[in-house]
Amino acid sequence: ETGVTQTPRHLVMGMTNKKSLKCEQHLGHNAMYWYKQSAKKPLELMFVYNFKEQTENNSVPSRFSPECPNSSHLFLHLHTLQPEDSALYLCASSQDRRDVSGNTIYFGEGSWLTVV
Amino acid sequence: GESVGLHLPTLSVQEGDNSIINCAYSNSASDYFIWYKQESGKGPQFIIDIRSNMDKRQGQRVTVLLNKTVKHLSLQIAATQPGDSAVYFCAEWSGGYNKLIFGAGTRLAVHP
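Chains as they are written, first to last, in our numbering: chain A, 1047 to 1162; chain B, 212 to 323.
Derived from the structure by calculation, the hints contain no laboratory data.
Model, not experiment: these values are computed from the prediction.
Keep in mind that a hint or two might mislead.
Pairwise CB distance ranges, derived in the manner of DEER restraints [what the hints assert, rightly or not]:
# : chain 1 : residue 1 : chain 2 : residue 2 : range
1 : B       : Gln269    : A       : Ser1066   : 40 to 46 Å
2 : B       : Gln256    : A       : Lys1098   : 24 to 30 Å
3 : B       : Asp266    : A       : Asp1142   : 25 to 31 Å
Residues from chain B that keep clear of chain A, each with C-beta distances beyond 10 Å, as calculated [said to hold, decoys possible]:
#  : residue
4  : Val224
5  : Asp228
6  : Asn229
7  : Ile231
8  : Ser237
9  : Ser239
10 : Leu277
11 : Lys279
12 : Thr280
13 : Ala290
14 : Asp295
15 : Arg318
16 : Ala320
17 : His322
Here are some, though not all, of the chain B residues that point toward chain A, as calculated from beta-carbon distances under 10 Å [as the list claims (entries may be wrong)]:
#  : residue
18 : Leu219
19 : Tyr243
20 : Ile245
21 : Tyr247
22 : Gln249
23 : Lys253
24 : Gly254
25 : Pro255
26 : Gln256
27 : Phe257
28 : Asp260
29 : Ile312
Every residue, glycine too, gets a C-beta built ideally from N, C-alpha and C.
Excised from the complex, chain B in its bound form:
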């Protein structure tokens, strides 16, 4: 399939292992955060979100952790599967700029 082709940091994991993808955000006033997954040849797909009044939120096989002290966001994927291979983007809602600001992304490669 087609891909955008950016030179992104890559996280390689074995199938079945847990994955942790990290993101540093820029604005301490940001109050809403989202993780997106983009598979090759497709648009970004919403995975999970978290508000700034929370430090953890769980979904199906995914957990997002927010550390506002160091402006850090992480996405944990349990029992990683080949179908999880994709580029993962974090995004922060910056009220001051009134827009969603995307990170550059991390490529997750899952090996059998």
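Pulled out of the complex, with its shape left as it was, chain A reads as follows:
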């Protein structure tokens, strides 16, 4: 139990589907993140939210749309994805992005996404 829960753990979707990944953290943190981990690249930061405000979008295609309704919940909405988007999507949280000592990032178990 990491304190960061992701659902679903596995998702298979067609290129025309719309789906969402959900993340919830129970750590009382204020910053939440989406990372992508694929066979071809190491951990890639996608989006950062700090106190519900998006503070970083790492040139992510618009077919990925994040949503952060509050500091405990984070969504990643998926629409018209490509097969190369198949990867492990990791949600993470940290206390506060602005403080060095609070920048330990705690990860969820990830959502395995396969686009067919």
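Using the hints provided, position chain B relative to the given structure of chain A.
Just chain B, lined up with the frame of chain A:
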């Protein structure tokens, strides 16, 4: 279990031996470092951290060493066990970029 499948450098050790995993970081201004462990089919798990004003920190069976002169970080695991088999990532907090930068990882394989 599932794994990401990157072609990572692999360290093979015998059960009971000590393991040393190395990491070179990129930014001399980085002031906070973390080691993560990722088991097959799971997300990265925090192991131990160290600030740049320290050169050594010990945890339970793990020690992190920081050499700022050569920008080198290492993770030492004492009495390595089969459950230590995983991919290990170092990460540096780069204040200039305001983000945690991850290394590519090292796969640790523990043999009985």
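Structure versus earlier hints, numbers of those that do not hold, lowest first: none
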